[in-house]
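Starting from two chains that each stand alone, build the complex the way the hints lay out.
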Amino acid sequence: MSTTTIEPTSKMTSKDFSSDQDVKWCPGCGDYSILKQVQTVFPDLGIPREQFVFISGIGCSSRFTYYMDTYGMHSIHGRAAAIASGVKASNPDLSVWVVSGDGDALSIGGNHFIHLMRKNFNLNYLVFNNQIYSLTKGQYSPTSEKGKVTKSSPYGSVEEPFNPSELALGAKASFVSRTLDRDPKHMQMVLKRANEFKGTSFVEVYQNCPVFNDEAFFAYSDKETKKEEAIFLEHGKPLIFGHNDEKGIMLDGITPKIVNFKEKNMSPTELWIHDEKDKTKANLISRFFDTLFEGEHFPRPFGVIYADERPVYDEEMTNQIKAVNAKKGKQSLNSILSGDKTWSIN
Amino acid sequence: METLNNEVSQKANVIESESMVVRFSGDSGDGMQLTGMQFTDTAAMLGNDLSTFPDYPSEIRAPIGTIAGVSGFQVNFGSKEIFTPGDLYDVLVAMNAAALKVDLPRLKKGGVIIANSAGFDKKNLGLANYPPDVNPLEDGSLDNYIVHKMDITKLTKNCLTDSGLGTKEVERSKNMFVLGLLFWMFDKSMDSTIKFITEKFAKKPDIANANIKTLNAGWDYGDNTEIFNTRFKVKAAKLPTGIYRNITGNHATAIGLIAAAEKSGLPLFLGSYPITPATDILHELSKYKANGVKTFQAEDEIAGICSAIGASYTGNLAITTTSGPGMALKTEAIGLATILEIPLVIVNVQRGGPSTGLPTKTEQADLLMAMYGRHGESSIPVIAAASPSDCFNADYEACRIAVEHMTPVILLTDGYIANGSEPWRFPTEDKLKPITVKFLDKPNGAEGVLLPYKRDEKLVRPWIKPGTAGLEHRIGGLEKQDETGNVSYDALNHEKMVHLRAAKIEKIADYIPLAKADTGKDKAKLLVLGWGSTYGAIKTAVRECIAEGGDVAHVHLHNINPFPKNLGEVLKAYDKILIPEMNSGQLLQLIRAKYLVPAIGLSKVQGLPFTTTELKAKIVELLK
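Chains as they are written, first to last, in my numbering: chain S, 81 to 426; chain A, 244 to 867.
The following block holds chain A by itself, in its conformation from the complex (with noise of 0.2 Å):
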């Protein structure tokens, strides 16, 4: 491998470029979203900063060949900072038709497309829905894109013959004859492949040697054929010093939670019922049985949420996770866990809906959910991931603000950074922020008297693990008479209760970071302000107006209830305020309320990200 690596290709010409996009883009089974992640992690090795986007359908094998059936993976890799997954793409993978109808569109002009032409017989063209006798292969219409086509199976078939694999595993190999080109195409190493094809199969070592043997004929297909004259080289970046690590946002949640349960010495309880696209964090903490992480997977959605509330009485650090849907049918215990005042962390991977709606797609339309969602006064703090690696800090503060203000907390992000990954530069154990919990062990009134329900000086009562002797006592959905906690129906009571349990929250703000410039300016004529996953969309085009001379800042909120106490002030600062969101505007309608300040909406609601494209159109629209 060294060697081929090594030696620059004699035949072909090397471009530079300072960041490259590559879609993949195939049929459901084609294993387009592994072959991205192989590429992927090699280019993070390798030192590149990168965001990715895995772009498939809700249906697990929807019919071969079909529209519906197309799963795309995008990698954006750079020697420069990379915060999207971006734009438009400069190769593009079509495994068959289907693959280049649908991803076609956006794929730079001049762009390389490598085709497989096994994917564009006269089935996968209808499927595909082109006319009869169209084939876009043929037919002049890729003319302005430097076509590659191969017929990748019967490549792959060839290389296979003498395997003694069935044609069901041979077919399967494809995906690593892609992969083995793009490296060379890339220059990449294929290090990191091999290894991992070699413990994925150590125990069926002929598909492993079939897989690696695949790769290998890929990568010489590049070297060896006339046909690819041009290679890429995509220098590392130049990022902060430090170890990095390729992370996921779901990837990043699970551990974010094993690391505020290890600080905070409670044990972990995930009460959680599968659904896309937060599943992955069940998956993922369920492998932490040595490190005595408790996963229940309930029955339903409400004992997801249940199981996690029965969990946090008993003195566990207990989460739930779940998407739109399921935070529906959990409404009504957290407005149990809001009345008991009892840490609980909700997480809401957020999907297009609503319903079932776009299971797999994204979208930010939960904000006012999670706001309001409810019955009765409940205000609880919510908390916005902006990125896949940041899913870890707004995590962790998310298990820091539920058990020191002993209150349930929803944590938002979306399936876009749940699913997305870019290097992180992760933190050491002793980086972390302490979280710091304390039980009750004795009567905490005057007299030997337990009072439950009475507050310190951030308005929090204790947390009192049965099992205590000499504190037993009741809790329960029934409004409670301050301190006591005893069932209280007096009118008087109820409105202060109301009262103290807002004020509770509201408090948390002396507790929690100032609103600051992210980029840009303190003041400036433009702000955009941002919550959750638009983060890198929002800098990438925040940066790119500010280096072309625009007057623009950005603001990104990681609180949103409460706000930052400075935020009214920080608003202040600037002429205009632009509020791009992936919904109908819903920070807008609180932003707009809350500072009375006449923000500007941008919405988005069509299951995908912005593109930065879109977000500097309306930068330098509202700068004119």
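Bound-form chain S, shown alone (with noise of 0.2 Å):
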């Protein structure tokens, strides 16, 4: 850290991270919560307020950087991941999130997007995904399902959507999870992983737009349907779920199955086992999303999908300068200026 602190971070609260501009999201939107569990969460993290960064897009979750008082630049369509990639390359030390959401992350910006992940600066990337356009009225989305009928698509979108986790592990993204705004405490536990985690932390946070997209993943959320809809991973554990934790996935082969282990007895132990650092099961993991495995139905997955750190762009290149450096020394500003051949006129 380059900077002093002003007051000690244990001090902090959520209020320290709220700025003195009125939050304009719809009411009901789920934006508040994910503003609520940032701030809630970043008093603990031990890093000076001054630190922090945001750098957001356009749309209504690119407001976001507005509403926190830390520094923060409220850019352009798209750009944010290219603006923080910057703004990381030259400054190693602040701690930078981009928050952006599915047009601004996954179609204007997708270009920026993979090549964040493949780079792997060390930021955190959250996209509030809400499967719909909402600044602009109501108009289908990239992550939007098949047959949408928006705006735009009265008689229903005839395009595929993204996966974006499928997509975030196949440009080689080193971090790739999900929640979803209704969840405050999972949240909150997958945005101090975020923050823990050295490499581009990929968080898709699943929200709730009340007026456009109304209810779009409630199934994860409601008490009658999240039990069998979402299943929640946790390295190191089995992957179960169910009304009654009843159900649970294994591996046959490279084909994923549900069984009942219960009824037929079998001990959790022999269920998939989840490993935030096997890239090939992640990518069957993210694949729940959208796949039917022989026809079955999966629930959706939550948590930490993936988690493997590699080098991060940010300082390769400080080390890459150092070892440089280190090996031919600064050269003066006259030597470069003269370059190697010169001669005198007299």
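Keep in mind that the hints are not guaranteed to be accurate.
What the hints assert, rightly or not - Here are the computed lysine to aspartate or glutamate pairs in the EDC-like style, where the Cα-Cα straight-line distance is at most 20 Å:
1. S:LYS410 x A:GLU505
2. A:LYS530 x S:GLU396
3. S:LYS408 x A:GLU505
4. A:LYS681 x A:GLU726
5. S:LYS421 x A:ASP434
6. S:LYS104 x A:GLU505
7. S:LYS265 x S:GLU314
Bear in mind the hints are in silico, worked out from the structure with no lab data behind them.
See the structure below:
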């Protein structure tokens, strides 16, 4: 850290992270919950407030920056990842958080998204996914389900949606996770994990848009359906779900299968044990999203799908500079100006 | 070497000349660029003033022997001051029939042709579109020139028979034969090239030896063969005293950025995406890791500028480099930098457009895009470099204005000066203008309130680095309230902010040099008003016209937005104004609109720079 702290971080509260600007999201918007969880988690991260930088693009999600009393830039549509790359490359000491939406990150910003995952800057990338364009008042987004009826698709969208976690893994993301606005504790856990992880931490947050796509994710949070429709991943723990925690997921070769392990008197240890560092399995988990394995409908996975640290861009860049400097030494400006071939005219 | 060099050839006449233009022309794979550069370095080090013009196709290796594949390198060197690569050449090296076909029209009548006869076989003649059974080397069509034809390919092979090198490597050495022969013709030492070869192939001594052997063979061929009865002597130029180096525009741009970073005390960050003809700046800067220079090869043009915006936000001297199509992609982000009011330098090395256009050819057609090519009211400074070495000055000035006035700045260079080179009496560190940067470290408003958009006497807001305790604040692309920077949709506030941002740019006119005549008097019948890379050709033409009694002067614009404060006054002192541009009249529009003067345009949009002859003809016509 390059600067001094004005107050011990331990004394900070969530209020220290609220800016003086009025929050202007629609009543009932899932963004309120995300803002609250971020403000709840931040005082305990041990990072001085002035080190936090939020970079956002355009869309409802991207107004987030204005509401955090940290440094921040509300930029242009799709480009937050590219701007954040420059922020982190030029000052690796900062704690950089990108806030984006499904349109901002995966449509207009798709190219920056995949390259950020590949380059692996040590920053956090939150995508508020509401499966709709909200700020432009309701058009289908790159995560909207096929057939979605919106203002720009009155007869249903003919497009196949992205599967964000599969896309991120394909782009070499080192940390892929999913959480949802209506599960504050889970979101806080994922946010902390993202912060601790060294690398680009991709956090997809299912976020309800009460105006243009209401209840899109309620199946994963409503008591009635949650246990059947969602599965919460924990490293080293078996993949278990169901009303009575009776269902487990196993691997038959490379095919996932749902088994009622309690009926079969199986030990949970015989089930698929989640290993965050196993990329092959992470790929399969990410595909529970939209793939039917042998005709079976799988629950939607939440939590840390994949987390395996590898060298980060900002550190590699800094190290290379240090190594070349150690080997060659800084060249004086006068010698750069003269170059190595000169002649005199007297 | 020394003995050969000092021994004035007994057989050849020596013709002294004030200046000579040599054009090296061959297939893209013939190594003409390297040959030309080596010849240039030697001429420069021996004290000639010079100007070069690499002229190559956009295909890396177009089909061998075709007209599309011809790559040329032109150098004009002299014992007098040289400002252009020359209109017509004295010596043309043609490595094949296509090269002759393309470049013969601009060889002076009576000029020398050195032709590689191996490149004039039936196949090559056909590829160069000569009619069947026509060989210009043999049909008398070149009788008005001095033609030296020789089978350079075979001569090279003969001298490397025992080298143990493969056919390909042997073939590749043939440019060294030409270079050796040219060094003999112009009586220039080969030491510098031998040193270059030795260093370049330090790990491949076989290849180094073969190249040096071939180079010597070329020299000896000139010295021993009776067909060469003329040598040329171009004495050293009487340039201002000092230490010189040879430099291309792109190289000068790169080190200008390093100099500005050093003098401002800011870390240097370049966010860029490869694009011809700007990429060499990225190449050059990426070598300076030991000096902490950060170069970020972004995923696209937009990420190039956006990463630079991110770096500027954290307090770096941030740059993005590009050419026309790339600048088009960056315009939205330039708008963001404009409303954020953060420093940023956008270098546009212009090329022929629109679209992919003529990627390796030159043009000045992005001026109006630089001035107006953005959404909303978004005036930003525009600066143009006049020559290869002036890229350093213009670039340094762009950085100074960017950080001292908290604004994105567009620097326009173009393919002609970016790749062209000239001797440069480079400055030392202590001679460079200081660049003053101050970061805000405590609240600047009453009662400890931070006002990120409170302005100083230059109308400039403070630069605040994230990481500074107590100054946490948000900036963004939405219109902001005056002083506080908070989002504001207030109608009158928006109008005020638009005017404030524009006034800030206008105010820069108080901090830049006034316009004055570069050549000629402050009052004359005709003013030639130029900007950018037309400098050398205009200066040469105006000097020659004055010498011939013409009442003409030359003013060259370095700052285009804002214009120098006195430009209106300056223009009024001349009866007529001529504005030559490598576009359809873009500065012409700006000058006519702002100063309401009936300026006359001279347009050339051929992907090629103006020749002195073209300019002189127009000047003479207007002086009549």
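Here's how the hints hold up against the structure:
Between S:LYS410 and A:GLU505 the alpha-carbon distance is near 12 Å, which keeps this suggested pair within the 20 Å criterion. Under the criterion of a C-alpha separation no larger than 20 Å, the hint pairing A:LYS530 with S:GLU396 is consistent with the structure, at around 16 Å. Of the supplied pair hints, the one linking S:LYS408 and A:GLU505 holds, its CA atoms being roughly 18 Å apart against a limit of 20 Å. Between A:LYS681 and A:GLU726, the direct Cα distance comes to roughly 18 Å. Compliance with the 20 Å bound is thereby established for this hinted pair.
Using a Cα cut-off of 20 Å, the hinted pair S:LYS421 and A:ASP434 holds, with the two alpha carbons roughly 13 Å apart. Between the alpha carbons of S:LYS104 and A:GLU505 the distance comes to roughly 44 Å, so the proposed pair goes past 20 Å and is violated. Between S:LYS265 and S:GLU314, the direct Cα distance comes to roughly 14 Å. Compliance with the 20 Å bound is thereby established for this hinted pair.
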